[in-house]
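Protein chains in written order, with our numbering: chain A, 1 to 336; chain B, 1001 to 1302; chain C, 2001 to 2334.
Heads up, some of the hints might be wrong.
[What the hints assert, rightly or not] Pairwise CB distance ranges (calculated): (1) Arg2023(C) <-> Ala128(A): 18 to 24 Å; (2) Leu186(A) <-> Leu1052(B): 54 to 60 Å; (3) Asn244(A) <-> Gln2011(C): 30 to 36 Å; (4) Ser1061(B) <-> Ala282(A): 28 to 34 Å.
[Claimed, not checked] Under 8 Å between C-beta atoms, here's a sample of chain A residues computed to sit facing chain B: (5) Leu21; (6) Leu139; (7) Ala143; (8) Phe147; (9) Ile155; (10) Tyr159; (11) Gly272; (12) Leu294; (13) Lys297; (14) Thr306.
Calculated directly from the structure, the hints in this document are not laboratory data.
Glycine included, every Cβ here is placed at the ideal spot set by N, Cα and C.
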Amino acid sequence: MGFRTYVLRRILHMIPVMVGLSILIFVISRVMPGDPVRLALGPEATIEQVEQLRRQMGLDKPLHVQYLAYLSGVFRGDFGYSLLTRRAVAKDLKDFFPATLELTTLAMVLAILLGIPLGVRAAVRKDALEDHVNRVVALAGVALPRFWLAILLQIAFAYHLGLLPTIGRGPAPATQITGLYLLDSLLTLDLSAFIVSLKHIAMPAFALSVGTLAQIMRLIRASMIEELRRDHALAARSYGLPSNLIIYRYLLKNAFTSTLTIIGLSYGFLLGNAFLVERVFAWPGLAFYGVDTLLAKDFNGVIAVTLVVGVAYAVINLFVDILYGYIDPRVRYGEG
Amino acid sequence: MIAESRPVAEPKVARAREWGKMWFRFRQSSLSVAGLGIVVVIAVCAAFAPVLAPHPQHAGSFVDFENSLRPPSPKNPLGTDDAGRDILSRMLFGARISVTLGIIVLAIAVAVGVPLGLIAGYWGGRLGDAIMRVTDVFLAVPPIALALAVTAALRPNLTNAMIAIAFAWWPWYTRLVYGQVLSIKEEQFVEASRGLGAGPLRIAFREILPNAWSTILIKVTLDMGFVILTASGLSFLGLGAQPPTAEWGTMIAEGRMYLPGYWWAATFPGFAILLTVLGFNLLGDGLRDVFDVQIEQWQAGS
Amino acid sequence: MSLMEPLLAIQDLGIHMLTYEGRARVINGVRLTIHKGETVALVGETGCGKSITAKAILGLLPPNAETVSGSIMFKGRDLLRLPEEDLHGIRGSQIAMIFQDPSTALNPVFTVGEQLTDVVLWQGARRATRGRRVTGAVRQRCLEILRLVRIPDPEGTLGRYPVELSGGMRQRVLIALALVGRPELLIADELGTALDVSVQDQILLEVRELVRTGGLSVLYITHNLGVARLVSDRIYVMYGGEIAEVAPAAEVFRRQLHPYSQGLLAAVPRLTGRMGEGIEGRIPDYVNPPPACRFEPRCPFRMEICSLNRPLLLEAEPGRWVACHFHGSREESG
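Isolated chain A (complex conformation):
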């Protein structure tokens, strides 16, 4: 199987999964107890008003008709009407998604940039005191309730030290291009806006990245230890290559390759935690919006958020698989 076929197959495999996910979420959302429409309109609404909105949203039709209508809407970029914000869900997504994208991307980058060197060091100094400390810290990082860490950070850096803002994303930069504040302020060379955005994102990004950082560190440590024991590592030493070259050039690539797919999967873990972290920091992102729609029983919002999370997760993993195939030739030859 060629690599291209492999990628193509991965993409084709995504489609039924996403359709399945949309059915699953659609069904879940439609069995919600209570009447979301009535809830949205409030106790003052007349029966006529409720019925009208119900018809308007197509809720009087049979379930499968509703689903097909919804699905065809999704392909046109129409996710229906939000009972919570009283506007098109697509518009909400457009507003909230960049904030989450920015937050999760920064958290992931932080996790990778810090996790890999820490993991390598821990592996090389296996069983030294430093390694034990690292392992406990890494495990604690995985075990920390993210929302609790977020609260502790707020107490320390916002209340006591007053260094960072407690909540929110700060003002948008004057010119918006991508909706990612950090990127936009950099692109327009607006340094003060960049610093403001950075101050706002620092705590949430750190709180979000800690678990993933710890995961990556553990994974790199484990696979590095395994790589250090391999024949080819010993062989490389026997040819007289210096150990730093062996560790940082040869083995790190192996270790990184074997952890790559898991790093991709851990993006899901990050996305899941965004639901908690965004809540604590009132970060105006998709997850924040998602929880709001949940509490308001706004089913169109819930479905859309879940679908977007699913698609984002799938796309990241597809990207990782392609990268994996690019780095590791065994995948291309159907061995790995």
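We have chain A; now place chains B and C onto it with these hints.
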């Protein structure tokens, strides 16, 4: 290679020796032993909460506004919350809730996921394909996101949080067992018993399943922590246990309103979660090393 | 250095491994010499300590190994007492090793060219600096060495990953990697064992040819006496971390002095290398080894003394040494 014709030992003796060796290897790692210790302590707290708690009546909707938000003192070692309830007592009862929740969620996940994985792996075919496709759909979103969506369809309370998490958790077991079955299926002893005329049901449950148990048990140990973490997250968002239930996540959410002045109300329950997840993780890690089992070293949950 | 002084002389080597069962005495007083231009085979069953001996020479013992006695003299220096940076200068350029398994000893995510180039660069680094003109020379050297080990299409092979090569080709690349630093002593660990028998023979003959034309000294490590006879001048038979018998290759086949060698020879025709009915039992427990002769529990000719005194490796006939009470009249306690 020259044959290593091991003398055939008594199977019972060999097994006892094997266990002894494993225990020895387990003890080699102080972290594993620490994990076991933490888990034992938490289990004791959960089992004997009514005895251990200084104020067992504070676990529920007890109020004593006279004593609200008192800092830690000999009477209330970890302080009191906004309703004047002893935080230590509530935390002990919280252990009970979390451990019970973890056990129930994982029992459901194993009961649903394992047979499906066995069927998909052993029989394969269209049914197997269908099972794995459905599993893929469930795995397409992070468990917490799926659990959140499910809670939306239900009234937010502890039981429903449990249902929602189990709903999102079983596919991990299906996939784990599926992979196990595929690799064990080809082993010689399975071939042998097939040759002896054993039926597929017998092979699946008597030959393959026992060989997958150690992996499943290790996964359960590791997952205990993550399920508890996920549940506390749901409760923190107001989508799981509701006040006045003494659930750790709920306690943090309640205590958060009195920050930073009354820090103890939100801080101590967080330590309880941290310690519990850490304990199960260390224990699971230790078991994994001892049994030399390969398990995906990550959790999309929590 | 006098003419008679061997290139490599191992004296009384003792290595213990720290395992969970306890302290395993895996190498117990091994003695071995290799002269310049000589090829020597170290023969024994799996787990007898051959590979550990080889790794000790290169200073590549696993972290749980502890050297408790002896010396490994190489060109007047004791390798066991050399600091790591000095060993570094010896590995690859003076002593090199061909690894056993072609499927694991090559790094899977780097091309043959990348792996070979790095070794060439580092072996040459002490003289040349990295640069454009040198890069051309490095490539030339890579191609030259690939041609030497008879790889067809060396240019194409440089750009390939190990997974794209056959087992035989990978084995050749491993040989190239070992030879590229122009070592004086080559250690070949179970050369070709992982390959098909026909390919194995071909590789063995090629290496024998390379060694003869290059004047290299070689230590072959093998479990197969037949292979040992094919490639070596002298054979060391190893059992349970000790040398059981030393003899010129042809002589061993004519007559074996040590009962263990007889058993090994009985196993030669078998493709699996399994021991025939001649010798029962298995390699000794290294944590609690037999008190005197380690082969005693399996030996068909054991005598009372065999469990009391350790037999020393003594010259039984000119050029032939054996550690067995059956032959030695001059036992000593040990």
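Hint check results:
1. Arg2023(C) <-> Ala128(A): 18 to 24 Å: holds, 23 Å
2. Leu186(A) <-> Leu1052(B): 54 to 60 Å: holds, 55 Å
3. Asn244(A) <-> Gln2011(C): 30 to 36 Å: holds, 34 Å
4. Ser1061(B) <-> Ala282(A): 28 to 34 Å: 30 Å Cβ-Cβ, so the 28 to 34 Å window holds.
5. Leu21: holds, 5 Å
6. Leu139: Check passed: Cβ of Leu139(A) comes within 6 Å of chain B, closer than 8 Å.
7. Ala143: Cβ of Ala143(A) sits 4 Å from chain B, so the hint holds.
8. Phe147: holds, 5 Å
9. Ile155: holds, 5 Å
10. Tyr159: This interface hint holds because 4 Å falls under the 8 Å limit.
11. Gly272: This hint holds: Gly272(A) lies near chain B, its Cβ roughly 3 Å from the closest one there, short of 8 Å.
12. Leu294: holds, 4 Å
13. Lys297: holds, 7 Å
14. Thr306: holds, 5 Å
Of the numbered hints listed earlier, not one is contradicted by the structure.
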